[in-house]
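Visitor: Residue numbers (the numbering used here), protein chains in the order written: chain A, 6 to 454; chain B, 6 to 454.
These aren't lab readings, by the way, just hints derived from the structure by calculation. Incorrect hints may have been included.
[What the hints assert, rightly or not] If you anchor each label on the Cβ, the simulated ranges turn out as follows:
(1) B:D31 / A:D426: 47 to 53 Å
(2) A:E415 / B:E125: 58 to 64 Å
(3) A:F393 / B:K104: 36 to 42 Å
(4) A:R380 / B:D416: 18 to 24 Å
(5) A:R428 / B:E125: 40 to 46 Å
[Claimed, not checked] Chain A residues, not near chain B, derived (Cβ > 10 Å throughout):
(6) S44
(7) E55
(8) R348
(9) S352
(10) D416
(11) I427
(12) P434
(13) G454
Computed from a predicted model, the values in this text were never measured in an experiment. Heads up, the beta-carbon is just placed ideally off N, CA and C, and yes, glycines get one too.
2 protein chains.
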Amino acid sequence: MARPAPLSGFPEWLPEGRIVEQHVLDAFRRTFELWGFASVETRAAEPLEEMLRKGEIDKEVYVLRRLHAEGDEDAGRQLGLHFDLTVPFARYVLENAGKLHFPFRRYQIQKVWRGERPQEGRYREFRQADVDVVGGGELPFHHDVEVAQVMAEALASLPLPRLRLQVNNRKLIEGFYRGLGAPDVTAVMRAIDKIDKLSPDAVRELLVTEAKLDDGQATRCLALAGISAEDGSFAEQVLALGVRDDLLDQGLHELTQVVEGVAGLRGERFAVSADLRIARGLDYYTGTVYEMRMEGFESLGSVCSGGRYDSLASDGSTTYPGVGISFGVTRVLGPLLARGVLRASRSVPSAVLVAVTAEDARAASAGVAAALRGRGVPVEVAPSAAKFGKQIRHADRRGIPYVWFVQTDEDGAVTGHEVKDIRSGAQVPADPATWQPPAEDLRPGVVTG
Amino acid sequence: MARPAPLSGFPEWLPEGRIVEQHVLDAFRRTFELWGFASVETRAAEPLEEMLRKGEIDKEVYVLRRLHAEGDEDAGRQLGLHFDLTVPFARYVLENAGKLHFPFRRYQIQKVWRGERPQEGRYREFRQADVDVVGGGELPFHHDVEVAQVMAEALASLPLPRLRLQVNNRKLIEGFYRGLGAPDVTAVMRAIDKIDKLSPDAVRELLVTEAKLDDGQATRCLALAGISAEDGSFAEQVLALGVRDDLLDQGLHELTQVVEGVAGLRGERFAVSADLRIARGLDYYTGTVYEMRMEGFESLGSVCSGGRYDSLASDGSTTYPGVGISFGVTRVLGPLLARGVLRASRSVPSAVLVAVTAEDARAASAGVAAALRGRGVPVEVAPSAAKFGKQIRHADRRGIPYVWFVQTDEDGAVTGHEVKDIRSGAQVPADPATWQPPAEDLRPGVVTG
């Protein structure tokens, strides 16, 4: 077999990259579980007809077919790979509603598949980390604040470029358009949604021709979309535009709570703002909407999105409202790993390589390794009793910081131990029953730069 | 949408089951990394033609098709979902050979897909946990002992029914057949491979008619397959059959080392034996072969299999020998969860529910939650300021052991805290800055029975 070529859009990491990814996934899991969110995993396949009903991305679904399907049991139930984690989660909630306790708090970290044309930050197979709360019948608003807090707290613990959470509220903008007298609120939202792609004049043109606004109304819609603030001051700016509406008031109140609820996490790595042009017009959100940008990587678009659904799912008798947020793990890590912004401090878990003096003394080295592992030190034994220089190079190439030497007498009995820090060259006597590396050397870490 | 039905062969767990699975996966990861194995994840899709070249399970592959493929870029490169982790790993090794350090130690825990007819322990989507060592050009034998040790050590830490690792060696059986004068060693192996499905007389018939053995040779082959021992004593039993061959000797020596190398892990939960009828005739193993049975679940067949390949992969100039072992996570957990053999001590990560006295005092409860989380205690805040009885029931239904009460004066100022163990009913004053649950209550555990 010749050397295989990578498959475009299906990224894979070398072990070093995987260590970075594990570090990120561990941080998500740790934070989500500290907030009491339970892990859920759904199957990769969903009935195609259910999936297509939910999204506008039917062109991007991968359909499954058994190579030699016998035309029997699969008939009528075509399967596709899930393209997000929201549709499968809604199905899981309905399927298991009688066995779940609501409000149900779950996180879900899995790969999803889309047949998109691959480019940087756009993959055909990629991982998302979702956190949602879903209610049975009703769901208090404070969970809108909570999911933003938990995601922000998880991200703030990671060495990523600066992230900015941008929040808006559909009630706010819809109430504003309504209070303004817009005849077609949805058409206004569709036009405003193009604000990142078109010039202000082109958007104004759409507002007038498509959404049937007069020039003054269009001006105020564009002014609303231009409002952005890192604190509750956006509310005064909105009110200064002179539009009054009950739904608008409710949206202002909700958005203020989300922005102020996350304010405590602001810092060097994390910013939050109310951004009134965020609409996520193509999704079924009904209140809070979230997006997130990464500094220096604006071309990736939003790396973390979500919002409130009044009806995540419904079985006819009960409606399940939900609020959630989804982080694009692969979308963010792909460019960061490719450009070397993040890397692992070594390529293997091992903190120690136990050298082997002679093949018939391997058992002594294995004994040292077992003693170290018993105290939680990741360790491997040298694959061969090569010259020590070669064994040290073996460790060095993998970034293993310590090499352990077992000293024996002429009869092969162990007479002592020494451990060498191959970065400094310092070699000192050590006892396998007590020696411990410094905490920062115990596991591979993530290095920036 | 009506309540959806499960999809046969695509198992999903409730949060309680997922907690058990996480516990098992964590144990694998912890042990594999303590032994210095690096995590690798490969994409779910492989070119179909490459996959079909490797296995005999072409009927079981799921083929991928983009719903609206435009007949351009996908043409000629049909993709399928991987059906194991060995074929993708071999491809990964070839693709990245210049960037990996050999011997390369990796573990891989992922889902795989097979379009089999579903039954207990047989799924269409299931997870495997693989650990392998692969060499560049050569790979010392002691790694055959090591992969058995690391898998056994991971499993011995888990509350599973008793497991028996069964080991054999292809060199041993092939050398034996050769030394016996068998004209077609492969035909003998094919016949012996049927020993679990056919009667001894039927196997003898195959040995005579298909493998062209005389009656005495057939008797000795059946005698060999009947040998099983928990220690090195199998070697004497083999030699007592009177066959001599260099390859046989080498196989005996290797098998003895594996069985004795794992002997230290024997105990209530784990057994190991040399079982000379294990051949794994359909796979390309060239030395050590492993299988594993779970007591009380013999109908599942082997739950953990693997062995040594002289050539896991080859790029024409370099051959990559490998040895590895693969545990069927879903195959084992499916029946254990369904029958209630394993369950989680609670359905959520939370150790504490912080009660909310009134909606306008939610911030005080959120403050307690933040303080507890800051010290690593998983905690959630009650979703509503319902009567305390209802809030306690909220915790009880999820198995959350502690409910925290914030006491306030008439002006809403916090005057004290109490925490209630809802299992015993004991309620005591507590300080959010220092209170810690007992270690066994901190995270959900796995309960047997």
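Visitor: Each hint should be assessed against the structure and marked as holding or not.
Guide: Status of the hints after comparison with the structure:
no., hint, in the structure
1, B:D31 / A:D426: 47 to 53 Å, "30 Å, violated"
2, A:E415 / B:E125: 58 to 64 Å, "59 Å, holds"
3, A:F393 / B:K104: 36 to 42 Å, "26 Å, violated"
4, A:R380 / B:D416: 18 to 24 Å, "53 Å, violated"
5, A:R428 / B:E125: 40 to 46 Å, "53 Å, violated"
6, S44, "5 Å, violated"
7, E55, "7 Å, violated"
8, R348, "13 Å, holds"
9, S352, "7 Å, violated"
10, D416, "22 Å, holds"
11, I427, "15 Å, holds"
12, P434, "23 Å, holds"
13, G454, "20 Å, holds"
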